[in-house]
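Peer 1: Residues per chain are reported as follows:
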Amino acid sequence: MIDSLCDQAGKQDIAVAGLYCDFLSQHDQTIANIMGAILKQLVRRGGIPDHVRKAFKTGQREFGGRVPRAVDLMGMLKITISSLPQVFICLDALDECLPKYLPDLLESLRDIMRVCPRMRIFLTGRPHVVGDVQRYFSEAVVMPISPTPGDIRNYVEMRLNRDTEPEAMNAVLRADIVRVIQETISDM
Amino acid sequence: MARFVRRIPIGHALWLKGIGWMLIVPQQASSPRFLSSVIGVFINSLKPPPAATPFLPSTNTLDRSIMAQTSHIQSVSFGDGNTGCGNVNNISNTFYLSDEDERILRWLSPLEPNHRHKGVRTDRFEGVGEGLLETREFREWRGSEEGSGKEVLFCSGNPGVGKTYLR
Numbered sequence: 001m002i003d004s005l006c007d008q009a010g011k012q013d014i015a016v017a018g019l020y021c022d023f024l025s026q027h028d029q030t031i032a033n034i035m036g037a038i039l040k041q042l043v044r045r046g047g048i049p050d051h052v053r054k055a056f057k058t059g060q061r062e063f064g065g066r067v068p069r070a071v072d073l074m075g076m077l078k079i080t081i082s083s084l085p086q087v088f089i090c091l092d093a094l095d096e097c098l099p100k101y102l103p104d105l106l107e108s109l110r111d112i113m114r115v116c117p118r119m120r121i122f123l124t125g126r127p128h129v130v131g132d133v134q135r136y137f138s139e140a141v142v143m144p145i146s147p148t149p150g151d152i153r154n155y156v157e158m159r160l161n162r163d164t165e166p167e168a169m170n171a172v173l174r175a176d177i178v179r180v181i182q183e184t185i186s187d188m
Numbered sequence: 189m190a191r192f193v194r195r196i197p198i199g200h201a202l203w204l205k206g207i208g209w210m211l212i213v214p215q216q217a218s219s220p221r222f223l224s225s226v227i228g229v230f231i232n233s234l235k236p237p238p239a240a241t242p243f244l245p246s247t248n249t250l251d252r253s254i255m256a257q258t259s260h261i262q263s264v265s266f267g268d269g270n271t272g273c274g275n276v277n278n279i280s281n282t283f284y285l286s287d288e289d290e291r292i293l294r295w296l297s298p299l300e301p302n303h304r305h306k307g308v309r310t311d312r313f314e315g316v317g318e319g320l321l322e323t324r325e326f327r328e329w330r331g332s333e334e335g336s337g338k339e340v341l342f343c344s345g346n347p348g349v350g351k352t353y354l355r
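If you read the protein sequences in the order shown, they are chains A and B. Using this note's numbering, the letters of the first sequence map in sequence onto residues 1 to 188. Using this note's numbering, the letters of the second sequence map in sequence onto residues 189 to 355.
In short, the hints are calculated from the structure, not lab data.
Computed list of chain A residues with no C-beta within reach of chain B, every gap over 12 Å:
1) GLU167
2) VAL172
3) ASP176
4) VAL180
5) GLU183
For the chain A half of the interface with chain B, some residues (derived, Cβ under 8 Å), not all of them:
6) ARG118
7) ILE121
8) MET143
All C-beta atoms in this analysis are idealised placements derived from N, C-alpha and C, irrespective of residue type, glycine included.
Kindly generate the complete structure, drawing on both the sequences and the hints.
Peer 2: Set out below in structure tokens:
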């Protein structure tokens with residue numbers, strides 16, 4: 001998704017930032033770190049804006065280099081996003097974010113959205129977080145994702161073509177593998 | 189080229205005189221052979237691309253030496269694994285020209301989403317999930333008006349259905 005938006009961004013003036021929430025690093029994925037990571041991607045493009053540089057210097061000078069707080073990062077994000085024509089933020093696997101951070105994360109996104117209504121947010125997650133998303137974004141467009149039978153067949157066939165022991169394969173076995181995997185997945 | 193490269197002090201910036209470009213040599217890129225190939229690519233890329241095939245770095249060595257233009261200087265960076273993509277736009281990725289810029293970015297967040305994005309991008313099977321871009325929901329979101337409340341698109345699905353790998 002990030003790449004599709006980036007492809008479009010190449011043609012238009014669009015900025016895209018994305019983050020994969022990850023079960024394994026969920027303790028590092030605090031609101032401050034997530035907001036910082038989004039900001040980091042946005043400012044990479046056109047050089048670091050003066051207001052961010054200034055905040056960094058102030059932080060270094062006054063607090064001996066302390067890390068920025070979520071509230072500071074939110075402020076910088078709002079200024080940065082407002083200065084860009086259009087920003088897309090993609091967050092993958094919301095359900096892998098620590099449950100205690102999720103409400104804060106959604107609240108922060110809503111807060112930014114109020115100031116920057118041109119922004120678009122793309123989220124993914126397991127169905128059980130739909131309720132959380134809708135609590136903050138009642139009009140959110142919800143789309144259930146399932147692979148199409150064609151996607152599955154193409155993928156399985158690609159993997160079979162790369163099989164390291166092709167002599168162990170025959171047409172019947174091959175057809176069986178493709179059929180069974182497709183049936184199993186459509187029940188997921 | 190390799191002999192020339194061996195003399196570059198690793199960890200320093202190298203001015204390519206006359207063309208106004210700066211090459212930053214990171215610690216990791218210590219192999220002269222690797223460096224010389226990168227520099228070769230870099231120098232080749234200075235030539236204007238033919239009209240029919242614009243310079244579009246994608247999945248090879250070029251990925252590490254994509255160019256970007258900044259207000260006063262042009263430079264190239266490579267080998268740190270973060271310059272790949274997931275950025276604002278993959279055609280003209282940006283580099284950090286000074287230590288201070290690097291420090292600011294690290295200060296903003298210790299997370300490096302681009303690492304993960306690179307892995308996803310490599311593992312993705314082309315074509316899968318493209319149908320999403322044609323759906324009514326996607327278009328509704330993509331073209332939604334300000335304040336309509338439809339600025340958020342949530343793709344839900346069970347583990348393994350391919351949410352991460354949507355293109």
